[in-house]
Every structure is written in structure tokens, then in C-alpha cells.
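In this text, residue positions in the sequence shown follow this note's numbering: the first is 7, and each later residue adds one.
Don't read these hints as lab results, they were simulated from the structure. Zero decoy hints are in this set.
Think about it this way: if two alpha-carbon atoms lie no more than 25 angstroms apart in a straight line, the pair counts; the simulated PhoX-like pairs of lysine-lysine are:
| id | residue 1 | residue 2 |
| --- | --- | --- |
| 1 | Lys124 | Lys163 |
| 2 | Lys130 | Lys119 |
| 3 | Lys119 | Lys303 |
| 4 | Lys443 | Lys27 |
Just the calculated beta-carbon pair ranges, DEER-fashion:
| id | residue 1 | residue 2 | range |
| --- | --- | --- | --- |
| 5 | Ser73 | Thr389 | 28 to 38 angstroms |
| 6 | Val291 | Ser97 | 11 to 21 angstroms |
| 7 | Ile120 | His349 | 50 to 60 angstroms |
| 8 | Val465 | Ile261 | 43 to 53 angstroms |
| 9 | Ile317 | Val439 | 25 to 35 angstroms |
| 10 | Ser314 | Val465 | 49 to 59 angstroms |
| 11 | Trp440 | Gln401 | 35 to 45 angstroms |
| 12 | Thr206 | Thr322 | 36 to 46 angstroms |
| 13 | Met80 | Leu355 | 28 to 38 angstroms |
| 14 | Ile136 | His464 | 30 to 40 angstroms |
| 15 | Val439 | Asp167 | 18 to 28 angstroms |
| 16 | Trp440 | Asp53 | 36 to 46 angstroms |
| 17 | Met208 | Thr84 | 36 to 46 angstroms |
Here a beta-carbon is modelled for each residue, glycine too, at the ideal position from N, C-alpha and C.
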Amino acid sequence: MFTLMIIAFIAGYAAIALENKLRINKSAIALITGMLLWTLYAIGGIDILSSGVSEAWNTFLASNPDSNSNYGMMHFITHNQIYEHLTDIASILFFLIGAMTIVEIIDRHQGLKILTDKITTRNKAKLLWILCFLTFFLSALLDNLTTTIVMIAVIRKLMTDKTNRWVFTSMVIIAANSGGAWSPVGDVTTIMLWIGGQVTTMPLLAEVLIPSLVTLIIPLLIITPRIKKTGVIRPFSTEMEQMEFSYKERLLILIAGLSCLIFVPIFKTFTHLPPYVGMLLALGVLWIITDIIHKKKDDEIKRQYDASRIIRKIDTSTILYFLGILTAVSALQSAGQLALMSHFFDEHLGNVYMIDLAIGLLSSTIDNSALVAGAMGMYPLETVNATGYAANFIQDGTFWSFLAYCAGTGGNILIIGSAAGVAAMGLEKISFVWYMKNFSRMAITGYIGGAITYYLIHVIF
7 MFTLMIIAFI AGYAAIALEN KLRINKSAIA LITGMLLWTL YAIGGIDILS
57 SGVSEAWNTF LASNPDSNSN YGMMHFITHN QIYEHLTDIA SILFFLIGAM
107 TIVEIIDRHQ GLKILTDKIT TRNKAKLLWI LCFLTFFLSA LLDNLTTTIV
157 MIAVIRKLMT DKTNRWVFTS MVIIAANSGG AWSPVGDVTT IMLWIGGQVT
207 TMPLLAEVLI PSLVTLIIPL LIITPRIKKT GVIRPFSTEM EQMEFSYKER
257 LLILIAGLSC LIFVPIFKTF THLPPYVGML LALGVLWIIT DIIHKKKDDE
307 IKRQYDASRI IRKIDTSTIL YFLGILTAVS ALQSAGQLAL MSHFFDEHLG
357 NVYMIDLAIG LLSSTIDNSA LVAGAMGMYP LETVNATGYA ANFIQDGTFW
407 SFLAYCAGTG GNILIIGSAA GVAAMGLEKI SFVWYMKNFS RMAITGYIGG
457 AITYYLIHVI F
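Make a model of the complete structure from these sequences and hints.
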């Protein structure tokens, strides 16, 4: 069953990649893949855990030696691991639901129109650079997933052509992941490393900002000459849309909504609670604000723009896709396949730069948070006075800061390699194969360019 789980995982990813040819929704495939892997794990769990490859089981057994029985192993899978991973998965899904709803509320109240009206250029190349740099710095403040959701909503307001939107959205994915890599709150992986004490704010910024910027600029330089010189055709705005909300109301919703999103990482910093708590708290606050605004409006507008109705408009299939993919990865993490892969890198590469680069490449197909969690488990945080090879693993050591870069930007290579990419894939229905044909080579070029930049900066300084 151990090998069959790997085969099922690969087959599931292949089916997602061929979604357009198979004409089967990727969310359905992801759900089947995730649930099938846990089913196979449960059926063959005794043999898998008895082999000793599962680090999760070994850790659990060390604290619970009485569980070393067939019943104990099955109980570990069905009542310990699946619920432990469900907690992590649910926190991501609740975060996603909250963020998508907040952005949808801002959009439905024409708040984003204030931003798009300020962007007057019709030059595609100039517009692409503006949006990418805006995304790059915004994702460091919010996070790459939230920023991607916001920017997709902005792009939809700026252009109608599907191909143009796919190009701009793909570059937004690269910009969001690159921007999130140098900030402690920019990506789930940097949050993990920050909370774990492996990195701190200023050293991370100093070592990863420039390489992350290079990772974005290289694809921008490659794609800019390829963009057609025709102007951007914006969506038509009806008179009714212009009249339903005053400028002050739009501005209030925009400021309130963005403030709610910015509040989330601040809330996380001070309370140390999971980000979804802050996101749902922010959603509740914005909900009340909209109710107050609608209080004096007629019943039709109240019904149309009530947050309880808006929340039904978010893309549920994207959320289910996340559920399936994260569930599948969690099964591989629990059963031990990911741990074996990490040990393989450690034994055959033996160089912190090569190990991190390999983790980054893997993050294009496997959830980067699982890979970082595995690396944190494999390599303990060393004391400040560590010397030699161990010095790479002290707080803000080379291994950890370069891991933040690689795990954050390696997901650019494939659209399924990051939360931002998966969200964009669901929201804009971008084809896996289309992204791979048009952006994977640019992304890997930027990834390598940024890695070389990091190495040179580290060697020189």
C-alpha cells in the first residue's frame, strides 16, 4: 500500500494536469485523490507503520509505548493523524473562505473600482509591471494567498480578454510568491519558520528581499517583449453600478476591507492564534459595517448586497480543490513518503544549498508547508555557538533563510505549487498545461537566478 499511495498521488496529479482533455473538474479529481490516499493508508496502515518509515508514528509511539499493537496503529491513523491534519487543513480553508468573502464584499460594493480608476494606463507592459510590483510588496504585508485573491479581483476590473487575464494572473502568482518569501507573514512557510524561531524579521528581509526581487524581474523581462502592443479593453460599467453606492460609501468599504486584511497578520503577531481566527474576526467586523451602510437603503439593495448573500458567490469548487490536495499531501506526510524523500536529499546531497534548492523544486508539486515542516523536523535548531556544518542551522542560519526563499518561490514553477497558484487556478480556471507551457520555464529561470543572487550575496557579505 505504501507504493500504491505514491502511484495514486501521481495519477491524481496527472489527471489534474489533463483536466481540459479529460473534461473532468479538477476539484472532483483532487477530492478523490485525497480521500483515496487516506483509504489506502487505513487499509495498509499496520504494515506501513510496522516498517518504521512513518516519523509521525515513531514520535507518537515514543510518548505512548502502550499503543504498539494493531489496534493502536489503526487508532493512531483514524483518530489521531486524520484529525490532527484536519485541524491544519480546516484552518487554511477557513482562512481562504474569509479572505475570498472580504474581497467579494469589497468588489460587490465597487470598492475595487476606486483602485482601478487610479490605474489609467492602457499600455499592457506598463500595466503588468505596475500590478506585479504592487503584488510583490502587498503580499509581504498581507500574505501571498490573500494578495492573489485581491489582485485577481482587480485584474477582472481592468480587462475582459481571457488570455490577457491568464497572463496577468500568472505573473501575479509569481509576484505574490516572490513577495511572500522575504516577509515573516508573507507565506505559510515563512510564518512556520518565524514562529519556530528559525528566522527573525530583519535578517530574513536582508538576505531574501533582493533574491526574491530577482525572481520576479527575470520573468517580467522575458515576458514584456512578448506582450502584444494592443491596448487593454476594460469591462463595461453599467449606469446602475455607478449609482448604487456613493464615492464615500465605496471608499469606506475599500478602506475597511483592506484594513481588515492588514489586521490579520498584526493579530497573528500579538495573539499567536492561527491566522484564520483573525480573518474570520475581520470578516465579522466588515459584515457589521455593510449592514450599517445598508440600514437606510431600500429592501432590494439590502437583499442584493447583504454579506450573507455575497458569501454564496465565492468559488466553492476552489475550496474543495484545496481540501482534496491538502488531504492527499497530509496522507503522504503521515505515512512517511515525504520523510523518506527528505532523508534521501540529506544523504545524497549533503549541502545546504542543494538541499534547499531540491526542496524548492519539490514544492512545485508537493505542498511547501509540508516540506518545510519536514525540514524543521529533520534539522533541529542549533545553538548560536554551533560551528562547522551545524552553524548553518542556527537561528537565521544559511539553511533557514535560503529555505524560506526556495520553498516560497519554488512553487512558481507549476501552478499547483503554491496556495496562490491553486487559488488562481480555481478562480480564473487557468489550465495546468497552459501555465506549464507558457510560464514554467520563465519561473524556473527566475528561481535559479534568485538562488544564484542569494548565493553571491551570502558569499560576498
